[in-house]
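Construct all of the structure, not just a fragment, from the sequences and the given hints.
If you're matching them up, the sequences are chains L and D in order.
Quick note on the working numbering: the first sequence kicks off at 1 and runs consecutively.
Quick note on the working numbering: the second sequence kicks off at 1 and runs consecutively.
Calculated directly from the structure, the hints in this document are not laboratory data.
Among the hints, erroneous ones may be present.
Partial pick of chain D residues on the chain L-facing surface, computed with a CB cut under 7 Å [as the list claims (entries may be wrong)]:
no.: 1; residue: Met-173
no.: 2; residue: Pro-297
no.: 3; residue: Gln-302
Just so we're clear, the structure is a prediction, and the values are computed from it rather than from any experiment.
Here a beta-carbon is modelled for each residue, glycine too, at the ideal position from N, C-alpha and C.
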Amino acid sequence: MARRIGFFICECGPNIGENVDIDAVLNAVEDMDDVVLAARFGLMCSGPGKDFLKANIKTEKLTHLVVAACSPKQHELTFMEVCEDSGINPFLFQLTNIREQVAWVTKDKEEATEKTIRLAKAAIRRVRYHDPLSKTALAVNADVLVIGGGVAGMAAALRLASPERRVHLVERSSSLGGRVVAQGPIYPTMASGGEMATAMVDLVEGNDWIVVHRYSEVSVVVGFFGNFEVVVTGELEDGGTLETKVNVGAGVVATGAEVLEGKPLEDLGHGSIDGVVSSAELEAMLADGSIGGKGGKAPKSVAFVQCVGRDEVGYCSEICCMNSAKQARLLLEAAKGAKVHILYRDLCVPGRDQQAFLEGAVKAGANLVRTTSVEVGGSKGGITVSHSLGDGKAEKLMVDMVVLSPAMVPPTGTEGMAEMLNVELDPSGFLLEAHAKLEPMAAGIDGIYLAGSASGPRSVSDSIVQAEACAGRVLSSLIPGRTIEPEIRVSHILETLCTGCQTCLEVCCYGAIVYDPMKNVSHINAAICRGCGNCVAACPSNAISLYHFTYKQLYQEIVEAIR
Amino acid sequence: MDENNGHDDVLVIGAGMAGIEASLRLALAGRHVHLVEESPCFGGSVIRFEDIYPNMDCATCMIAPLQQDLLQNASIDLLTLSRVEKVSGNAGKFKVRVKKKASYVSAETCIGCGMCFEACPVSLDNDFEEGMAQRKAIYVPAAGALPNVPSIDTDNCLRFKGEECNACIEACMFEAIVMDDKDEVLDLDVAAILVATGYGLMDLKPMKRFGYGKVPDVLSSVAFARLYASNGPTEGELKLRSGDAPSSVAVVQCVGREETGYCSAVCCLNSLKFAHYVDHKLPDAAVHVLHTDMCVPGKTHQRFRDKMVEHGADLVFATDVKVGKGSPGVKIAYKDGAGKAAELKVDMVVLAPAFVPSEGSKELADILGVPLDGTGFFAQGGNGGGPVSTAKEGIYVAGCATGPKGISQVVMEADMAVAAILTGTDGGVS
Ligand SMILES: Cc1cc2nc3c(=O)[nH]c(=O)nc-3n(C[C@H](O)[C@H](O)[C@H](O)COP(=O)(O)OP(=O)(O)OC[C@H]3O[C@@H](n4cnc5c(N)ncnc54)[C@H](O)[C@@H]3O)c2cc1C
Ligand SMILES: Cc1cc2nc3c(=O)[nH]c(=O)nc-3n(C[C@H](O)[C@H](O)[C@H](O)COP(=O)(O)OP(=O)(O)OC[C@H]3O[C@@H](n4cnc5c(N)ncnc54)[C@H](O)[C@@H]3O)c2cc1C
Ligand code: SF4
Ligand code: SF4
Ligand code: SF4
Ligand code: SF4
Ligand code: SF4
Numbered sequence: 001m002a003r004r005i006g007f008f009i010c011e012c013g014p015n016i017g018e019n020v021d022i023d024a025v026l027n028a029v030e031d032m033d034d035v036v037l038a039a040r041f042g043l044m045c046s047g048p049g050k051d052f053l054k055a056n057i058k059t060e061k062l063t064h065l066v067v068a069a070c071s072p073k074q075h076e077l078t079f080m081e082v083c084e085d086s087g088i089n090p091f092l093f094q095l096t097n098i099r100e101q102v103a104w105v106t107k108d109k110e111e112a113t114e115k116t117i118r119l120a121k122a123a124i125r126r127v128r129y130h131d132p133l134s135k136t137a138l139a140v141n142a143d144v145l146v147i148g149g150g151v152a153g154m155a156a157a158l159r160l161a162s163p164e165r166r167v168h169l170v171e172r173s174s175s176l177g178g179r180v181v182a183q184g185p186i187y188p189t190m191a192s193g194g195e196m197a198t199a200m201v202d203l204v205e206g207n208d209w210i211v212v213h214r215y216s217e218v219s220v221v222v223g224f225f226g227n228f229e230v231v232v233t234g235e236l237e238d239g240g241t242l243e244t245k246v247n248v249g250a251g252v253v254a255t256g257a258e259v260l261e262g263k264p265l266e267d268l269g270h271g272s273i274d275g276v277v278s279s280a281e282l283e284a285m286l287a288d289g290s291i292g293g294k295g296g297k298a299p300k301s302v303a304f305v306q307c308v309g310r311d312e313v314g315y316c317s318e319i320c321c322m323n324s325a326k327q328a329r330l331l332l333e334a335a336k337g338a339k340v341h342i343l344y345r346d347l348c349v350p351g352r353d354q355q356a357f358l359e360g361a362v363k364a365g366a367n368l369v370r371t372t373s374v375e376v377g378g379s380k381g382g383i384t385v386s387h388s389l390g391d392g393k394a395e396k397l398m399v400d401m402v403v404l405s406p407a408m409v410p411p412t413g414t415e416g417m418a419e420m421l422n423v424e425l426d427p428s429g430f431l432l433e434a435h436a437k438l439e440p441m442a443a444g445i446d447g448i449y450l451a452g453s454a455s456g457p458r459s460v461s462d463s464i465v466q467a468e469a470c471a472g473r474v475l476s477s478l479i480p481g482r483t484i485e486p487e488i489r490v491s492h493i494l495e496t497l498c499t500g501c502q503t504c505l506e507v508c509c510y511g512a513i514v515y516d517p518m519k520n521v522s523h524i525n526a527a528i529c530r531g532c533g534n535c536v537a538a539c540p541s542n543a544i545s546l547y548h549f550t551y552k553q554l555y556q557e558i559v560e561a562i563r
Numbered sequence: 001m002d003e004n005n006g007h008d009d010v011l012v013i014g015a016g017m018a019g020i021e022a023s024l025r026l027a028l029a030g031r032h033v034h035l036v037e038e039s040p041c042f043g044g045s046v047i048r049f050e051d052i053y054p055n056m057d058c059a060t061c062m063i064a065p066l067q068q069d070l071l072q073n074a075s076i077d078l079l080t081l082s083r084v085e086k087v088s089g090n091a092g093k094f095k096v097r098v099k100k101k102a103s104y105v106s107a108e109t110c111i112g113c114g115m116c117f118e119a120c121p122v123s124l125d126n127d128f129e130e131g132m133a134q135r136k137a138i139y140v141p142a143a144g145a146l147p148n149v150p151s152i153d154t155d156n157c158l159r160f161k162g163e164e165c166n167a168c169i170e171a172c173m174f175e176a177i178v179m180d181d182k183d184e185v186l187d188l189d190v191a192a193i194l195v196a197t198g199y200g201l202m203d204l205k206p207m208k209r210f211g212y213g214k215v216p217d218v219l220s221s222v223a224f225a226r227l228y229a230s231n232g233p234t235e236g237e238l239k240l241r242s243g244d245a246p247s248s249v250a251v252v253q254c255v256g257r258e259e260t261g262y263c264s265a266v267c268c269l270n271s272l273k274f275a276h277y278v279d280h281k282l283p284d285a286a287v288h289v290l291h292t293d294m295c296v297p298g299k300t301h302q303r304f305r306d307k308m309v310e311h312g313a314d315l316v317f318a319t320d321v322k323v324g325k326g327s328p329g330v331k332i333a334y335k336d337g338a339g340k341a342a343e344l345k346v347d348m349v350v351l352a353p354a355f356v357p358s359e360g361s362k363e364l365a366d367i368l369g370v371p372l373d374g375t376g377f378f379a380q381g382g383n384g385g386g387p388v389s390t391a392k393e394g395i396y397v398a399g400c401a402t403g404p405k406g407i408s409q410v411v412m413e414a415d416m417a418v419a420a421i422l423t424g425t426d427g428g429v430s
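Now the structure itself:
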């Protein structure tokens, strides 16, 4: 069928009408190949404007449409809808922006007219090479995989599980609950962490829609948002392994964080001086009652050393100032009149309630000391802690116990996890968010979310907020029974041209390309590709082409624009 | 979903980061959202900033696509110039009365060309620019503000003072100005309510020791952010009152922390961002950041601090800060880390005031029947609910309405509220 292109220019009231010689533009384009109509209208986006387009499409039997008007951001969809309503494939349409890019910025009318003519001709040349594209719909699997059974993983699972949505919760250890299940009182509420986590474990275990996989890790994740295939590898009692295949639509990574060990602690006497413990060790002693509480011992003098390993890891772990305030309060409750010093660098108590909590510890008797460097040594009568004050003067404390607040670090296996999921790591070694501000609960891969300490140290309450935010994202976008419409302006590889060099795999930020060693060619998964075009530019064999942005389309457009 | 006649509609109050995120997500899930915003444009505080820490993302590039999505979303009714007046009923079936002030400009016909405000004869200080620029009686707060439709400020328009003026009407080629526009009252049925009314900043004037309002070239953080903004009063030039570029700038942290009793969580980072601003625009100028505790929590923020120090930011431990006139410039007296008196002379001082509850929090809390906490922010987690629940079932709260926090946390709380609304339970575990 012969092409019949209609060209329409919008006056946008005086906006374009007064700054561009519209008749000159119409004159310039009406004789171009395949153009059967060139017309103007006052406000094309208005109801009468759209009716005008529809009427002309019908009477002139147009097959392609070009509109010169405002920014595609504003009205591309408007005119694509007009096409659809009139039976033209919406991709046989091109909008060229002559308001923001011409009328509003090019003050000289002659120049503005010349520029408009070039843009109009370029759009017309381009639309001749457009192909009709059609949307596809894919059924989604609404089930969710949650990796890690700490408070974050459990909170996400509990929020998501329902008769329409099964959750697979994979925990590598023998039991659910993570770090919190073994904790005593937690700041800022001072409610028992152990009791809270145990209550959650009971809810998870009693939930018919949560499948718990203990002693298990996830070994394979392939696919895309709405359709992931997962292999869960469980350890059997006889030492063997069991592989279970599950299909899910999304995944939540909630693998937590670990406490730093090694040199920064050893330098401060951990492991060599009696009475030097880490905050995690003290936490366990406070929880099991061997220190504090009724019947437990209580040291008479304690020095907390903050920011241990902070310089080495390069970040502030966010939870340790508050945690030391908490532990100081618990020690002071157990031994009235004890001397408790908190040697800090910067107090990190951000937010509405945190400072008041810290002040509670001070009221209970904790002594806050700002210091710049700390050394710990053993001696007969106890432990000596020498530290320098802000003014450079040194001070010496004798104490029974030193509590080191080590940095929180990514859990072992994070690198492997990142590789398996195709998620990046940040410079601190934690999993990287899709966007630090707008998508702090999502990984860079669609359908993979991050909850709790897995993407950086967090308090219990912040871990739960993030887990629930993951749930909010899943609940609002992965809805049982719905289909998803993947982007159709995506890339595809021509197998006959592909040499299997795999350059494209390296440049694709979305992990959309896989290499098939059998055929020695690469293949793009259209459901994952976002149409960024990176691979198109990178392919040395010109084997890749992006729908709606083909070489031919771009070439014709540019040639006309610079003629 | 449509079967229950809009009874699973949601009311979101406040269209900042929190309100926008929650509305978009709820709409995606098939809910109809009424988004009530008291100001003429939406986006909240973020639209006043040029860049966002720690990655220095361009704020407009970050939020404008979300705003566009929202404006085009048929499931979201954005009601600007609006306030909630009355709420009754319970979770699942609230009755809400919203008053929408007349804007006197038709959003259907206006194309945002700006001819009307060029013609308007009335000029006054623009609050959006902290009074550093003027606006007209018919106005948009700043270039790029959305929706790009002006409104008439009836307190200042000549016609509303009984005088004769047709300037804007004549200037508008689209007959978009409708002088007989009326305030509207909307009665809505909604299943759930989300409070996302954000924060305010502490009034600097009563804290006389900081010299604000008395000593020239002592600015608030927001004023400095506007100076840096390319759509701001100086189109992005950092300038003193005299018009010269400052050769030294001091940013003072924790202004008002003693009064509020809490750390506002974002000011240290924000001040480091300001150090970056100065470094970027005036590489030869000196920047001092006067802080008590440098609060850079989390896995990324310390790196940001280290980078700013590498770029020459001078971090000074300082307590008992007093700001006064220098001759010339500004003089800062403080106590250093050793408690000794010290002094610093600079051309410009930027004060980082504490976050406080947004104006009208009390009034709104009374209308909703939910409590504020001791600091005046909305109280969280009544009935053992989680951080986005209030004492009343079906009413949720997210973002800085419950206390100071950065954008990431704001967005996460918004999505948590979405999860709670979509599943219909508070689900508080902590
Ligand atoms: C000493 C100390 C005291 C603290 N005190 C407080 C306090 O008082 N208040 C407070 O708010 N916060 C406190 N915290 C912080 C709190 O512990 C964390 O916020 C919380 O543990 C985060 O929960 P999570 O679910 O993200 O991670 P975790 O509790 O670490 O749970 C992660 C889970 O994932 C599992 N896992 C890890 N890798 C894999 C894998 N590859 N496959 C399968 N499963 C995996 C782990 O086995 C674990 O069960 C404290 C932390 C420490 C170290
Ligand atoms: C100078 C400065 C710089 C900052 N820079 C950064 C940064 O770089 N990175 C970062 O992460 N964070 C930054 N922040 C913090 C950031 O501004 C907040 O985290 C975020 O804007 C809060 O979003 P919100 O939606 O909760 O509130 P807001 O942005 O305050 O939005 C609240 C909205 O509700 C409306 N509203 C209020 N009351 C009512 C009512 N009664 N009825 C109807 N509508 C109402 C308001 O008009 C507003 O539109 C900065 C803060 C300041 C002060
Ligand atoms: S939270 Fe406190 S102790 Fe922990 S790294 Fe940050 S400043 Fe240091
Ligand atoms: S870059 Fe081109 S040739 Fe190389 S694998 Fe990819 S498609 Fe094939
Ligand atoms: S177009 Fe972009 S997203 Fe798509 S396969 Fe190529 S590089 Fe990946
Ligand atoms: S009527 Fe006059 S004063 Fe009022 S907004 Fe219009 S131009 Fe300005
Ligand atoms: S009211 Fe009229 S003159 Fe003013 S911006 Fe809108 S269209 Fe332009």
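Here is what the structure says about each hint:
Evaluation of the Met-173/D hint against chain L yields a held restraint, the C-beta minimum of about 5 Å falling below 7 Å. Hint status for Pro-297/D relative to chain L: holds, with the closest Cβ pair at about 4 Å, below 7 Å. At a threshold of 7 Å, the smallest CB-CB gap from Gln-302/D to chain L is about 5 Å, leaving the interface hint in force.
Every hint, counting from the list given before, is met by this structure.
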